[in-house]
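> Chain residues, written in single-letter form:
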Amino acid sequence: MFIPILTAFLVVVAVGLVASILLSLVSRYFGVEKDHREAELRAILPGVNCGACGFKGCDDYAKALANGTAKPNLCTPGAAAVAEELAQYLGVEPEVPKDVVAFVHCNGNCEVAKLDYQYDGIHSCSAANAMYGGQFLCKFGCLGFGDCANACPNDAICIDDGIAHVDTSRCLGCGICAAACPKKIITMVPQEARTVVMCRNHDKGADARKACANACIGCHKCEKNCPVGAIKVQNNLAIIDYEICTYCGKCAEVCPTHCIKEVYFPDLGEKA
Amino acid sequence: MTLVKSLLVILLSSVLVNNYVLSRFLGICPFLGASKKFDQASGMGISVTIVMLIATAVTWPIQTFILDRFELGYLQTIVFILVIAALVQMIEIVLGKISPSLHKSLGVYLPLITTNCAVLGVTINNITDGYNFLESMVSSLGVGLGFMLAMILFSGIRSRIEESKIPTPFKGLASTLIAASFISLAFFGFAGIIDNLFS
Numbered sequence: 000m001f002i003p004i005l006t007a008f009l010v011v012v013a014v015g016l017v018a019s020i021l022l023s024l025v026s027r028y029f030g031v032e033k034d035h036r037e038a039e040l041r042a043i044l045p046g047v048n049c050g051a052c053g054f055k056g057c058d059d060y061a062k063a064l065a066n067g068t069a070k071p072n073l074c075t076p077g078a079a080a081v082a083e084e085l086a087q088y089l090g091v092e093p094e095v096p097k098d099v100v101a102f103v104h105c106n107g108n109c110e111v112a113k114l115d116y117q118y119d120g121i122h123s124c125s126a127a128n129a130m131y132g133g134q135f136l137c138k139f140g141c142l143g144f145g146d147c148a149n150a151c152p153n154d155a156i157c158i159d160d161g162i163a164h165v166d167t168s169r170c171l172g173c174g175i176c177a178a179a180c181p182k183k184i185i186t187m188v189p190q191e192a193r194t195v196v197m198c199r200n201h202d203k204g205a206d207a208r209k210a211c212a213n214a215c216i217g218c219h220k221c222e223k224n225c226p227v228g229a230i231k232v233q234n235n236l237a238i239i240d241y242e243i244c245t246y247c248g249k250c251a252e253v254c255p256t257h258c259i260k261e262v263y264f265p266d267l268g269e270k271a
Numbered sequence: 000m001t002l003v004k005s006l007l008v009i010l011l012s013s014v015l016v017n018n019y020v021l022s023r024f025l026g027i028c029p030f031l032g033a034s035k036k037f038d039q040a041s042g043m044g045i046s047v048t049i050v051m052l053i054a055t056a057v058t059w060p061i062q063t064f065i066l067d068r069f070e071l072g073y074l075q076t077i078v079f080i081l082v083i084a085a086l087v088q089m090i091e092i093v094l095g096k097i098s099p100s101l102h103k104s105l106g107v108y109l110p111l112i113t114t115n116c117a118v119l120g121v122t123i124n125n126i127t128d129g130y131n132f133l134e135s136m137v138s139s140l141g142v143g144l145g146f147m148l149a150m151i152l153f154s155g156i157r158s159r160i161e162e163s164k165i166p167t168p169f170k171g172l173a174s175t176l177i178a179a180s181f182i183s184l185a186f187f188g189f190a191g192i193i194d195n196l197f198s
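Note that the protein sequences, when read in sequence, are chains A and B.
Going letter by letter, the first sequence gives residues 0 to 271 in numbering that gives the first Met the number 0.
Going letter by letter, the second sequence gives residues 0 to 198 in numbering that gives the first Met the number 0.
Only chain B is shown next, with the shape it has when bound in the complex (with noise of 0.2 angstroms):
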């Protein structure tokens, strides 16, 4: 029960609490870039949680059976940007061949997830919060599910922005990017809920 538990606080709060793009500011280029339509959006949310899952699943015992037993620690930040840029490659390979319907919706999206920030954020943040495998896999879970949610609520946010009337000074990239904040504002406001939650 206290497994469930502990999975589940792991979960919501890195969905709600730290959310990765709204909170630690993780992965900011694909919210703004990608966020334009809802099914660019979703398409690029589902995308990452995948990358996000396999790329933990890869960096985690990569972490504690080489790195740390050879007491590498420090290579940590290449040796992961290698690993997830390699597995970005061969996932979309391995898709185009198995899925090529799945590979054309999440084919724009693949590469540009190979160098972004959020998915070597999460693998490195569950080493240092301590995470054992288990842990590790859920809360990447919840980063992706995080991340997805953020990009929705903003296409959400952007398609109605883009149909409203705007001062000239805050067209465009202004604009959106005061919507950000606020959006990153109200996240904030989950901070200490999921403690209490399970209390």
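Just chain A, with the same shape it has in the complex (with noise of 0.2 angstroms):
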């Protein structure tokens, strides 16, 4: 009875043990030693796989930093901390990037926005944005149907009240958001930061006025009262030079819309 139990259990050892002695030998004689750099470069990664360094995941940037291909600094998520331990375990000289995160510059929310038409086709900001620019009469503005959501990997944008926010603690800094907005209204602004403009409206004064009750009308009461001339007005809209600004937050004090604000970005959480 117990002999079929035996030649089954013999020959089924038997075929695998033959395969496992086969498999051994050919990852002797063929395999391919892989780059020990690369793991450990990769473990220094986040391991967030948001492509923000502009490789296919963090083991294609390991790979690339292995080869020497890459700078190490090109991790967002990362920040400062990675950039430097990655300069260090390749020998190179550090270059740290700033703390960024995503700012959308917009803050036609549904009360001031003015509508253009009604829009019923495709949930997408950049279908929206084919069809005469978009379902406002502001041309310049958020269209709040979440393409950044989409594309954000960390979720850290979402949309409320017609306009896209970003929670600022979850933000991995990477950009993705601001290269997936059709209308580029997005940007990464040093996390330090504390008065943003928001609104990207071209418009002369009275048209994004009569568009959208928060917009920035143009009129170098900002640019007049910056301290430190961080502040310009271009094209009809004003734009802070960050390298230059202080964050005394005069303009946000003067700005007749309120269209600059003063905001407080937390500090940057666990980043993994």
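Quick caveat, the hints were computed from the structure, so don't treat them as lab data.
Hints are not guaranteed to be accurate.
To be verified - No more than 27 angstroms apart at the CA atoms, straight line, and that leaves these computed lysine-lysine pairs for DSS-like:
| id | chain 1 | residue 1 | chain 2 | residue 2 |
| --- | --- | --- | --- | --- |
| 1 | A | Lys209 | A | Lys249 |
| 2 | A | Lys55 | B | Lys36 |
| 3 | A | Lys209 | A | Lys260 |
| 4 | A | Lys138 | A | Lys220 |
| 5 | A | Lys203 | A | Lys55 |
| 6 | A | Lys260 | A | Lys203 |
| 7 | A | Lys220 | A | Lys249 |
| 8 | A | Lys231 | A | Lys203 |
| 9 | A | Lys62 | B | Lys96 |
| 10 | B | Lys164 | A | Lys138 |
| 11 | B | Lys164 | A | Lys62 |
| 12 | A | Lys70 | B | Lys103 |
| 13 | A | Lys113 | A | Lys62 |
| 14 | A | Lys62 | B | Lys170 |
| 15 | A | Lys113 | A | Lys260 |
| 16 | A | Lys209 | A | Lys231 |
| 17 | A | Lys70 | A | Lys138 |
| 18 | A | Lys113 | A | Lys209 |
| 19 | A | Lys55 | B | Lys103 |
| 20 | A | Lys55 | B | Lys4 |
| 21 | B | Lys96 | A | Lys55 |
| 22 | A | Lys183 | B | Lys164 |
| 23 | A | Lys209 | A | Lys138 |
| 24 | A | Lys223 | A | Lys209 |
| 25 | A | Lys220 | A | Lys183 |
| 26 | B | Lys96 | B | Lys4 |
| 27 | A | Lys220 | A | Lys260 |
| 28 | A | Lys113 | A | Lys70 |
| 29 | A | Lys249 | A | Lys231 |
| 30 | A | Lys209 | A | Lys220 |
Both chains are given apart, each in its own frame, so use the hints to dock them into the complex.
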């Protein structure tokens, strides 16, 4: 009675043994040695696979780093800490990137943004943008269909009251949303910034105001009141140069349409 | 002449009539999982075809010369699984050495195939259908090509689906499954064609 069980057992064991011996022989003679630096560099990277570095995920970036074809400061989610660690590992000078967060330069919420027409098409900003620049009278503002939110690898963006909002504590600073936005109203601002212009409208003041009550009307008041000359009105729109800005908040105080706002981006949490 | 004819019948019927994915419902997992883009689908199709051919070349002799001789037919499934898994692993290692570029393009798909039921299915069906070695190889080639055909067809359909406006309840997997069932129905239309083609 035990004979058939034993034969079956022995046959399976024999097949498994032969297969494993062959496998180890093959890996011995055909195996390709992997670059051990690759795995170690990969361990330093955060592993969110956001693609902000321009490679297909962290594995690919680690490979490029090991080959010496990529710089160690390309990882935005990892920011300064990771860049430093990578540079140290590779033995090169670290070029530390600044902590940045995505910011949506629009405050045209449902209440203030006037509609141009009723849009019933595909639920996507780029599709709506192709229809005469979107459903709003303001052709520069957020369309609110969430192309950025869909693109975000860390679910940091939600659409609320018709405009996209970035949850800064979750933002990795990868800039994928900025690329996904057809209106290009998302930019990467320094995490330490305290004042932001909540508008991207380049129309003349009166037209901008007609389209949206929160628009920048290009009145130059902020420009005149800025103590360091960091804010300039170009093309009827105030733009802050964060290289110069001292975050004093004067511009936000004087802005008549309150489109310059004081903000506070909390320290970015654990980025992993 | 009859040999060529019978081989042709086996080849065509395993590509069209008995298409593993669409008529026998084997290998559905990669069919749904890796068919989003054309190059992905064709890469998976080629890998599966190669693995099926090699797996048949190994499992047929094992069945005939070991299992059948010692009357151990009931061990077929477990032995085949073991052999195929080891085989795929071996192919991956060898490929990495011999042709890194091919390894890179097939690399992701090879481990997926290790546990693919279509590969196991074709090796077992070759035995149950009583094919000899040559017929088994031809049948495996046909099944592999049929798998690739289904993958490529479906990747085309899926890229169309992706761009069209779909009612919310049907979005994603639902529309994919419905589309898959339609192609499957279409392939049932091939039944009976092959036999009449050569009679």
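> Hey, Lys209/A versus Lys220/A, does the alpha-carbon distance stay inside 27 angstroms?
holds, 19 angstroms
> Given the hinted pair Lys113/A and Lys260/A, is their Cα-Cα distance within 27 angstroms?
holds, 21 angstroms
> Does Lys55/A lie within 27 angstroms of Lys96/B when you go C-alpha to C-alpha?
holds, 23 angstroms
> Would the hint linking Lys223/A and Lys209/A be met if the CA-CA limit is 27 angstroms?
holds, 24 angstroms
> For Lys113/A and Lys209/A, compute the direct alpha-carbon distance and say whether it is at most 27 angstroms.
holds, 8 angstroms
> For the pair we were handed, Lys249/A and Lys231/A, check the Cα-Cα distance against 27 angstroms.
Between Lys249/A and Lys231/A the Cα gap is close to 14 angstroms, so the pair holds against 27 angstroms.
> For the pair supplied as a hint, Lys220/A and Lys183/A, is the alpha-carbon distance within the 27 angstroms limit?
holds, 25 angstroms
> Need the status of pair Lys113/A, Lys62/A: alpha-carbon distance at most 27 angstroms?
Violated, at roughly 50 angstroms.
> For a C-alpha distance cap of 27 angstroms, please report whether Lys183/A and Lys164/B respect it.
Roughly 25 angstroms separates the two Cα atoms, so the pair holds.
> Assess, step by step, whether the Cα of Lys203/A is no farther than 27 angstroms from the Cα of Lys55/A, and give holds or violated.
violated, 43 angstroms
> Can the restraint linking Lys138/A and Lys220/A be considered satisfied, given a maximum Cα separation of 27 angstroms?
Cα-Cα ~24 angstroms, so holds.
> With the threshold set at 27 angstroms, check whether the alpha-carbon distance from Lys220/A to Lys249/A stays at or below it.
The hint holds at about 10 angstroms.
When the structure is compared with the earlier hints, violations turn up for hints 5, 11, 13, 14, 17, 20, 26 and 28 and for no others.
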